[in-house]
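Trainee: Letter by letter, the chains look like this.
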Amino acid sequence: MVQESVSTAGRTGPADTTAGPGPAPAGRLRRVGVATPYLFLAPYALLFTTFVLAPAVYGFWVSLHDWDYLLSGKPFVGLANYQALLDSGSAVYEEFWQSMRATGTFTLASVPLLVTVPLALALLLNRSFPGRTFFRAVYFAPYVLGVAVIGVLWRFLLDPNLGAVNALLGAVGLPDSTPWTTGLPWAWISLVAVTVWWTIGFNAVIYLAGVQDIPRELYEAARIDGGGRWAEFRHITLPGLRPVLVFVVINTILASSNMFGQSLLITQGAPGNETRTAIMYIAQKGLREYNMGSAAAMSYVLTLALLLVSVITFRLFRDRDAA
Amino acid sequence: MRKVRGIAWYTILIGMSLVFIAPLVWMMITSFKSTGEATRVPPTLLPHEPTTRAYHDLFSGSSQTPVLRWFLNSLIAATAQATLILVVASMAAYALARLEFPGKRLVFGLIIATLFVPVFTLIIPNFLIVDRLGWLDTLWALIVPGAAGAFGVFFLRQFFLGLPRELEEAAQLEGANTWQIFIKVILPLSKPALATLAVISFLGNWNDFIWPVYVLFSPDTFTLPPGLSILQGAYDIDYPVIMGGAALASVPVLILFLITQRYIIEGVSRSGLKG
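First to last, the protein sequences are chains A and B. Read in this note's numbering, the first sequence has 1431 at position 182, and its numbers run on one by one without any break. Read in this note's numbering, the second sequence has 115 at position 114, and its numbers run on one by one without any break.
The set of hints was computed from the structure by calculation and includes no laboratory data. Computed from a predicted model, the values in this text were never measured in an experiment. There could be a bad hint or two in this list.
Label-pair distances were calculated between CB atoms; the ranges are [to be verified]: (1) A/A1480 - B/P48: 51 to 61 Å; (2) A/I1473 - B/N178: 50 to 60 Å; (3) B/A196 - A/Y1468: 28 to 38 Å; (4) B/E167 - A/T1562: 39 to 49 Å.
Stretches of chain A that chain B covers, calculated by requiring three or more beta carbons in the stretch to come under 8 Å of a beta carbon on chain B [claimed, not checked]: (5) 1292-1298; (6) 1349-1357.
We put the beta carbon where it would ideally sit given N, CA and C, even for glycine.
Just chain A, with the same shape it has in the complex (with noise of 0.2 Å):
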């Protein structure tokens, strides 16, 4: 290993084994100490190290045993915490299942809208027309407030007696009594709907960058075969889209089935405990109640579950890639 580091060092690049494709040019390479490019690692390394690979370990460590928080003894349970979660017997289960439920039915609901309304709107965006830099602007911003903030807010937009989204209804008469935070399906729709204002900018603006990518000599030539907006988004748009497509739709059902903050600030988990989401629960149980061994073992299941649909999505995309 050292061998090769010196080797890299000296004066002719074809030494080099690892640079990117194709031979580098002779000259190219810079002399550098052996040690150099470690010391430029190593303070990203040091945090990366033990709030990123250390945790990831030890969180596994944690769901191995009954990790009390406030208790001196921590006794070794093996996988009991995560047999626990699969036997409908025991005090964890059924609410566990409840908010991994509550959590699925939010991806379900939210994804399929995070993914179609803010392509339509990048298509709407990528027309060129006077004031378009300040509408993209307008649609992003409440995309950089925080969860706090969104949750709060609505809470009090959605408020039942007092909000101004059922005066609003009621004075354009509709109905103005909808219990959005409290009833069902409102507050599911509420969710759904505020994290859809919140965050459509983010996914607009990384649909609206791969669209621009696309070659416009593609829809040059379209337009001389005389094909339709319908058939250019279809034939062009779309395909050309694929990578992006592939990376929102990941991200979303990873945001989505991340979504915390909403229902605490919003809902609060209402009606009974039917929005209280998996990460609720977890955070709930783990760094409230203390019992940290059970949670962490959640939070596994959790991340297992996600790394399956996240594959399973990959899968359909590249299956359909072959097709």
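Given the structure of chain A, go ahead and fit chain B onto it with the hints provided.
Mentor: The following block gives chain B in isolation, referenced to the frame of chain A:
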């Protein structure tokens, strides 16, 4: 005909803008109402008797809700973390983009893999690690662990890879060492990318909610996001105060966004093209 279409077009655009902006305007307006007026049904559009009472309440800050302190804490934590990220991420990104060393692919692969690890898996063990370090209930917990995220390294590495090598080679011929090249050539060339990363990091920290909710306990160490959740509980339906608090947490980032929107939007759109 063309003109009519133009009018229809802008009507749609402006109508949509209202959907995005009106809730924020409502937040500001409400913060200048009296409690009675803010909860009146049907609501008044503009405050009949505008008052800054909510802000007096917020700033006089009882010991349970020292809002100015939260504001200051948010500012300190976000600034410190953005600075820390710029320093450690730019150094690491430079090594990964320009220097050759054994294990480089492994290191880069490891960093990229963690971009896909859900944040919550790390929350419980990180709570314990931060506890060991004696950082629970301090701003350190908000500043340091979050700087380990992979985004900054990834983002800057991409940018460095796109820089022309000629200037570095010229500096090298003049006898500059790696560190000098990094400081005097690479960093000055990377100002736009560094600015983008600084703003995005600042926003991320300023808005962070779940982590501060669980690692901070005393009102004096809170930042604005967990503080808002406390305000919501403490002031119940005193909406002018709650909306005033939300406005305090929003206005600085909205101003930052107005000034740097090009950077933010470009940074975000590039983050999406990593796939």
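Trainee: Take the C-beta atom of A/I1473 and the C-beta atom of B/N178, compute their distance, and say whether it sits inside 50 to 60 Å.
Mentor: holds (57 Å)
Trainee: If I claimed the Cβ atoms of B/E167 and A/T1562 lie 39 to 49 Å apart, would that claim hold in this structure?
Mentor: holds (43 Å)
Trainee: Do three or more residues from the stretch 1349-1357 of chain A put their C-beta atoms closer than 8 Å to C-beta atoms of chain B?
Mentor: violated (count 0)
Trainee: How does the Cβ-Cβ distance of B/A196 and A/Y1468 compare with 28 to 38 Å: does it lie in that range?
Mentor: holds (34 Å)
Trainee: Taking a Cβ-Cβ distance under 8 Å as contact, does the stretch 1292-1298 of chain A have three or more residues in contact with chain B?
Mentor: holds (count 5)
Trainee: Given the range 51 to 61 Å, decide if the beta-carbon distance of A/A1480 to B/P48 lies inside it.
Mentor: 53 Å Cβ-Cβ, so the 51 to 61 Å window holds.
Hint 6 from the earlier list is the only one contradicted by this structure; the remaining hints agree with it.
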